[in-house]
Amino acid sequence: MKHFETDGIIFDVDGTLWDTTPVVEKAWNDAMDKCNLSYGHVTANQLKGLFGLPMEMIIDNIFPNESAEVKSRFQPLCFKNEHDYLLQTPGTLYPKIRETLSELSKTHKLFIVSNCQAGYIELFLEKTGFTPYITDHLCPGDTGVHKAENIKLICQRNNLKNAVYVGDTHMDHEACEQAGVPFIFAAYGFGKTKKTPDETIRSFDDLLKLF
Numbered sequence: 001m002k003h004f005e006t007d008g009i010i011f012d013v014d015g016t017l018w019d020t021t022p023v024v025e026k027a028w029n030d031a032m033d034k035c036n037l038s039y040g041h042v043t044a045n046q047l048k049g050l051f052g053l054p055m056e057m058i059i060d061n062i063f064p065n066e067s068a069e070v071k072s073r074f075q076p077l078c079f080k081n082e083h084d085y086l087l088q089t090p091g092t093l094y095p096k097i098r099e100t101l102s103e104l105s106k107t108h109k110l111f112i113v114s115n116c117q118a119g120y121i122e123l124f125l126e127k128t129g130f131t132p133y134i135t136d137h138l139c140p141g142d143t144g145v146h147k148a149e150n151i152k153l154i155c156q157r158n159n160l161k162n163a164v165y166v167g168d169t170h171m172d173h174e175a176c177e178q179a180g181v182p183f184i185f186a187a188y189g190f191g192k193t194k195k196t197p198d199e200t201i202r203s204f205d206d207l208l209k210l211f
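Each residue of the sequence shown is one higher than the one before, starting from 1 at the first, in the numbering used here.
Hints were generated in silico from the structure; no laboratory data involved.
If a hint is listed, it holds; no wrong ones were tucked in.
Between beta-carbon pairs, the in silico distance windows are:
1. Q156 with P64: 28 to 38 Å
2. K195 with N61: 19 to 29 Å
3. G49 with K127: 20 to 30 Å
4. D60 with K195: 19 to 29 Å
5. V145 with L77: 16 to 26 Å
6. F211 with N36: 48 to 58 Å
The calculated DSSO-like cross-link candidates involving lysine-lysine, where the alpha carbons are at most 30 Å apart (straight line), are:
7. K48 with K2
8. K106 with K2
9. K209 with K194
10. K192 with K26
11. K96 with K152
12. K161 with K209
13. K2 with K96
14. K161 with K109
15. K2 with K195
16. K96 with K192
17. K106 with K161
18. K161 with K96
19. K194 with K152
20. K194 with K96
21. K192 with K161
22. K209 with K195
23. K96 with K195
24. K192 with K2
25. K26 with K127
26. K109 with K192
27. K109 with K127
28. K2 with K109
29. K161 with K2
30. K71 with K127
31. K71 with K48
32. K80 with K152
33. K152 with K209
34. K161 with K195
35. K48 with K109
36. K127 with K106
37. K34 with K71
Since the structure is predicted, the reported quantities are computational estimates derived from the model, not experimental observations.
All C-beta atoms in this analysis are idealised placements derived from N, C-alpha and C, irrespective of residue type, glycine included.
Work the whole structure out from these sequences, hints included.
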């Protein structure tokens, strides 16, 4: 493995730090029922193939034939249900996350950038107790822009000159290319990458070998 000289490590959440798909499956299906969309129930495995996309694109994939009006009714209920369900039943952390973040935070500034709604990263930090490890975070719900621009924004407002990003999907890889930061692929996560990443980790604690 190569060694990275960096002034900031930026993380994705879903598929990189934790897995919420079994809980989100129940939350979204409940929202679908309330919107009379029960014909289109979603599964955890289906969500794993969609997480990483902006929320509006996920909804478009699930309901390609529904009207914009139906999607606009579903989205806020989906957000609320997901938040409420995760407050009661948090996602499952991948192995060695807590120990590795604790160790990395002693020598590096750590950040989160995810394509999620406002409040989701805060919920993640609250339920895991990781707030002391994370210097700053951004998402489209905060800024109205997607991952590549939010990576740039987090670097700008924290004066990062040599950041790296850790994620688990091809979309993460593309965002890093657009933002001009190296991409470390979390191969244990939800997705795949179509290009060769700057480095690949098979377990989260592999990061300790890179920094």
